[in-house]
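Q: Sequence:
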Amino acid sequence: MFSNKSLGGVKNLYQKKKTIRVVVLVMSALIAALSIWYTNRLVEGLKERERSYINLYASTIEMAANPEGEDVTYLFTKVVAPNKSIPVILTDAYGNYVNSRNLGLEDIEDREKRQRVIDRELKKMQNAYKPIEIEMRHPKTQMYIGSQFVYYRNSFLLTQLQYYPYVQLGVISIFALIAYLVFSYSRTAEQNRVWVGMAKETAHQLGTPLSSLMAWVEYFRADPETYDVSIVQEIDKDINRLNMVTSRFSNIGSMPTLSEENLYQILRSSIGYLQSRVSTKVNLTLQSENRHIPVRINASLFEWVIENICKNAVDAMSGVGNLTIQVTQTHSEQVMIDITDTGKGIHKSKIKQVFTPGYTTKKRGWGLGLSLAQRIVENYHKGKIYVKQSEVNVGTTFRIVLPTHLASPAQPKKLRANATA
23 MFSNKSLGGV
33 KNLYQKKKTI
43 RVVVLVMSAL
53 IAALSIWYTN
63 RLVEGLKERE
73 RSYINLYAST
83 IEMAANPEGE
93 DVTYLFTKVV
103 APNKSIPVIL
113 TDAYGNYVNS
123 RNLGLEDIED
133 REKRQRVIDR
143 ELKKMQNAYK
153 PIEIEMRHPK
163 TQMYIGSQFV
173 YYRNSFLLTQ
183 LQYYPYVQLG
193 VISIFALIAY
203 LVFSYSRTAE
213 QNRVWVGMAK
223 ETAHQLGTPL
233 SSLMAWVEYF
243 RADPETYDVS
253 IVQEIDKDIN
263 RLNMVTSRFS
273 NIGSMPTLSE
283 ENLYQILRSS
293 IGYLQSRVST
303 KVNLTLQSEN
313 RHIPVRINAS
323 LFEWVIENIC
333 KNAVDAMSGV
343 GNLTIQVTQT
353 HSEQVMIDIT
363 DTGKGIHKSK
373 IKQVFTPGYT
383 TKKRGWGLGL
393 SLAQRIVENY
403 HKGKIYVKQS
413 EVNVGTTFRI
423 VLPTHLASPA
433 QPKKLRANAT
443 A
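With our numbering applied, the sequence shown corresponds to residues 23 to 443, in that order.
Just so you know, the hints here were simulated from the structure itself, not pulled from any lab data. It is possible that some hints are incorrect.
To be verified - Straight-line Cα separation of at most 20 Å, PhoX-like style, residue types lysine-lysine; simulated pairs:
hint : residue 1 : residue 2
1    : Lys-410   : Lys-366
2    : Lys-372   : Lys-410
3    : Lys-152   : Lys-69
4    : Lys-404   : Lys-370
5    : Lys-146   : Lys-135
6    : Lys-404   : Lys-333
Unchecked claim - Just the calculated beta-carbon pair ranges, DEER-fashion:
hint : residue 1 : residue 2 : range
7    : Tyr-202   : Val-120   : 53 to 63 Å
8    : Gln-348   : Ser-371   : 24 to 34 Å
9    : Arg-63    : His-160   : 19 to 29 Å
10   : Glu-155   : Leu-183   : 45 to 55 Å
11   : Tyr-119   : His-160   : 22 to 32 Å
12   : Glu-131   : Gly-192   : 37 to 47 Å
Glycine included, every Cβ here is placed at the ideal spot set by N, Cα and C.
Can you make the complete structure from the sequences, with help from the hints?
A: In structure tokens, the structure reads:
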């Protein structure tokens, strides 16, 4: 069976799950921020380098256009000609195209298409950086006769590097999401195996004392003078109860059989069982306008759900207060069961945790009751269970939404927790 120590470890893990998730998200955000920051530093460095190169490029063109007796051919071939990466457009003072590099115009024969490419690229460059002015002078007098402008934008390599961290983070995020989904699926499958193993082991362990008790009852009945009839009747009740518990655990370990039952009678039976086993200061009430509500459920498991919620409610009221089960049916395809107590209530920050395995506010207990209830209602009956409302020191209402026998097989999946809240 399961030790309290190992269960305590599982409980702590579930309770710290939110903290672990926040830590992982913070670390991921920090890594992403550092990656973007570092890449941006590299980009800024390369931008400055390209800017310096373009300034030198423009100065070389200006020197070549305004020779003062010096041979600038060597400088031109070493600075202007090697530029095979930075897109550049040279225009006159009126913005008319003069020359360009690295626009891919060599492969475009259509004149209109070339002009469209030039116009588009020039607009990009005007938005990217301030142009560099080149002064044009008369070859002999060196008097200023006009200007030309060098427009440019980032090289393709620099543009790639600029967007690289975002692409990288996007790919990593997609990979992480796929890994998370696979892990969640594996974890759910593992949890299911744990549930099944625990349920089957519990049913097996209960079988041994049950067989013994049944043998003793038969022994007493064989000799009526040796036993008190009332005692044997009480033992019979406990045996029946243990048989029901064993059946419930066996059903948890496999897909239970659903059959058409009268929901009102099941609730009435559950209340009758609880009434004699809880404090006399707890007032149990069943309210329903209709006493014949056909639903497809497993009666044994659903009674377990009602008992778990009601026992938690009685504990929350410290054995004193009102416990009301109200059944309403707004349309033929679903029925709602509201279980309301006048207990200490649940704090808003804790409402989402009440169905987490291991979560409990009691000093004793495994914190599995509501988790089992959720599994039975949602996994086996395709319904919904949630905290409809709760107020500290006022009380809590749990709502169970069940599909009726009239609902189609796909219909239960469409039940929404807030559809009728």
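Q: All hints are to be evaluated individually against the structure, with a verdict given for each.
A: Right, here's what the structure says about each hint:
As the CA atoms of Lys-410 and Lys-366 are separated by approximately 15 Å, the hinted pair is consistent with the 20 Å bound. For the proposed pair Lys-372 and Lys-410, the alpha carbon gap of about 13 Å is at most 20 Å, so the pair holds. This hinted pair checks out: Lys-152 and Lys-69 have alpha carbons roughly 14 Å apart, not beyond 20 Å. The suggested pairing of Lys-404 with Lys-370 is violated, with an alpha-carbon distance near 26 Å, which exceeds 20 Å.
About 17 Å separates the Cα atoms of Lys-146 and Lys-135, which keeps this hinted pair within 20 Å; it holds. For the hint linking Lys-404 to Lys-333, the alpha-carbon distance of about 23 Å lies beyond 20 Å, and the restraint is violated. Taking the beta carbon of each, Tyr-202 and Val-120 are about 56 Å apart, inside 53 to 63 Å as hinted. Taking 24 to 34 Å as the suggested C-beta distance range, the pair Gln-348 and Ser-371 conforms, at roughly 27 Å.
The hinted window of 19 to 29 Å between Arg-63 and His-160 is violated, with their beta carbons roughly 46 Å apart. The supplied range of 45 to 55 Å is broken by Glu-155 and Leu-183, whose beta-carbon atoms lie about 29 Å from each other. In this structure, Tyr-119 and His-160 meet the distance hint of 22 to 32 Å, their C-beta atoms being roughly 23 Å apart. Hint check: Glu-131 to Gly-192, Cβ distance near 38 Å, so the stated range 37 to 47 Å holds.
Against the hints set out earlier in the document, violations occur for numbers 4, 6, 9 and 10.
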